[in-house]
Amino acid sequence: MAKGRIIIDLNRCKGCNLCTYYCPVHILKLDETTTNDRGYTPLMVTEPEKCIACAFCATMCPDSVITVERFVKEANNE
Amino acid sequence: MSKVLMKGNEAMALAAIKAGCDAFYGYPITPQNELPEYLSKHMRTHGRAFVQSESEVAAINMVYGAAGAGARVMTSSSSPGIALKQEGITYIAGAELPAVIINVMRGGPGLGGIQPSQADYNQITRGGGNGDYSLYALAPESLQETVDLIKESFEIADYFRNPVMIAVDGLIGQMMEPVDVDREVKKWDLKPKTWAADGNRKDHPKNIINSLYLDPQDLENHNIKLQKKYTEMKENHQRYELINMENAEIAIVAYGSVARIARTAIEILAEKGIKAGIVRPITIFPFPEKAFKELPSSVENLLVAEMSMGQMLQDVKLANECRLPIHFYGRVGGIVPEAEEIAQKVIDIIGGQSHE
Amino acid sequence: MNSKVIYEKSKGLSDFHLSYCPGCTHGIIHKLVAETLVDLDLLERTVGISSVGCSALNYDFFSCDMQQAAHGRAPAVATGIKRVRPDNIVFTYQGDGDLASIGIAEAIHAAHRGENITIVFVNNAIYGMTGGQMAPTTLLGQKTTTSQDGRDAASQGLPLRVSEMMAQIPGATYIERVSVHDPKHVNKAKKALKKAFDIQNKKLGFSMIEFISTCPVNWGINPKDSVDWAVDNMIPYYPLGVYKDKTVGEK
Amino acid sequence: MKRITILSGYYGSGKSEISVNLALQKHIDYIVDLDIINPYFRSRALHELFKEKGIKLVESTIENMPNSDMPYISRKGVYPFIDKSVTAIYDLGGTENGAKVLIQYQDQIKDFDEIDFICVLNVFRPETSNKKDIIDSIILLEAQTQLKVTGLINNSNLINETTEEDIIHGENIIKSVSEELNLPILYTVIEESKKKLIKHNFLGEELVISRIVARKWL
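Chains as they are written, first to last, in this note's numbering: chain B, 1 to 78; chain V, 1001 to 1356; chain U, 2001 to 2251; chain Z, 3001 to 3218.
Any given hint could turn out to be false.
[Claimed, not checked] Here chain U is said to cover these stretches of chain V; the calculated rule only asks that three of the stretch's residues, wherever they fall, bring their Cβ under 8 Å from a Cβ of chain U:
1) 1020-1032
2) 1057-1067
3) 1159-1170
Calculated directly from the structure, the hints in this document are not laboratory data. In this text, a Cβ means the ideal position worked out from N, Cα and C, and glycines have one as well.
Chain B extracted, bound-state conformation (with noise of 0.2 Å):
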């Protein structure tokens, strides 16, 4: 169950795998198969599920490329 997900800027992501080298779950990969706006391949999630909302990736994003959301449980209903 994933503790949280990324959002990626594609077109800000500069494909230079800093990220990917971080990530200690290792979902992150380059998505060989398109090119963003600026002719780089970015950054693709593997395995969401598996996504344990540490920030490594974010916090190693020399570009600012990536944003961590955490989930929290529902907080209790009015």
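Guided by the hints, dock chains V, U and Z onto chain B, whose structure is given.
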């Protein structure tokens, strides 16, 4: 306030304080040291900034920063120090920042000497640093005029968003003269500095101070815009004085201290029955070409007198447009021409013995 | 299920795409500076100084007021601003060519005067922008376009340890060397920046944070291997740590 | 006039011009120019005149390098303190900073009875325009040189624009200093070209000077 007796360098310093100069950054060099010395004491008591920097290069870059933050800022130096400041001066001009730079000239080239000179004329009027830019350059002849022009120069710098240089030689820095430091000077129509990168984002969108234009077309456009400013200076802001020109048979072209000496020379000549006038450039950039169009038809010769090997001579030739014969008398190395020498030169010219 | 954003692009950065090569850690350092200024609520009264080098264009990247300085002169420009706007936060962002070579005098004397500014110093052991020439910080044996046989101590000197040198200056308040080679160190680096800007905000004087950074393109290795190269080669010669902290007594 | 006269004062107060005029008028043997502050307008520039008049010149500069811009203090400047048969005028640089060079001769300055240490004052210099500032400057001067000031000179002037009233204005201020510190006004200086306009009887000896150091067009 009534007049006080001041030394040129301290009068210039006081003028800056009176003009609301917020900051002074400089590095010691003879013969302008009394200026920073005076400010080191008095800027603090006025709550203004004073830094003796590690070098002229650092000083002018401090000027850039403070000017970019919207402050009124000044630096001073002497010829070799001004050469070092050229790096920052071209950045200031390129980023369109106002600043006042005082150059108390001494002899060169190289380390030269400490005695007075006007051999920075090219360095001042031809930009000096890299790129197509110009300073508005004022060359006063007396302490009163120096004080008045320094006070106004902060206004001029703000108006054009361009560095203004006060070009005096060591004599003006070192001489004593009575001055009224509170005399009113022209106020220019100034707009608020909404462009300043002053760290006040609450009041304005992000501001950037920059002289980098990587796109050639942008850089060309920027240069065209700068040139318009220099054209405006040339068309509307030339300053000069014509002295004793009525029926004069010769006009001595001289600025700063040499104009002062020429005033004595024309008295000597008058005693000998020779009528000589003076064209005194007050701005050396823009060069007062208009003055030469106003010369009476009685003038048959021009004599350029300066403390250089003839740097201003080139501008006089251009302004003269091949109308009158031009002669030259220059002393260098820190030697100040005597009034008698200039008078003798005039006598030689009129007797037909001179050639340039 | 609800979700909460735990990491996003800092508001201290503009929408410009950073001009750095893929994987260059300049970008990480940029966002740390931006995040820190936002976290401390200083951004609106900050003026940053861009220098010359790869970071020359970063006047577009930060969302605070910016001034672009001549090569090496950023600390002088910062001094000029800070002395007339003492309540602003003023930082310079300089590479190793800019700070350790052409601007070493300006850096030393800003520290010497105890200017209340912060220098962000990025050490990647090479000149990036001009095409991979030798920097004062280039490691012994490291090949660059101007040390093609590898840096040689006899003719090119030993690499300059800037933090150690700056820590010797009596006027400096806080000097720390950090690295951004993994998430743990990135967080540590951010703490150092926070401390530096906090010192400035409290008017306690000069601070400099040296960042061990990478230059994948000029080093000729990929971004992943570059961070490893920095860890294996740079950090042993440029040890991380606090070199001076006057706020807890001098070391 | 005592055997040795040392002139100090704020820079631009007229020390050099007074030194040279005094030396010529009083047939002084030595003029010792210890001005390390000013790069221009120093009495040493007149070495040819002194030679002609038989006045020995000691310069605070490296010998034969008057424009070296280096604050070199010639040891020859102690001769007049040692040789009791000669008279001398010492021309110091401006303010207490210019006067501090005297410390270099301290070991030979012993016989205070034969030394006049005079403060030259021009109240039109903004830094010495009132009683308080003048007294403060004298205190600083004495602290820096470790010598007692023995007299004052009223050289209040606005160069070419000087009027008799200006000199009287100066005298009034300097007189208040004189009374407070119990120091005599030894001379009142009047420029030659103004002499015929002066009716007032000034305190101290009237010293009529001509402009020798500064050129006419200045």
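Run through the hints listed earlier and report the numbers of any the structure violates, in increasing order. 3
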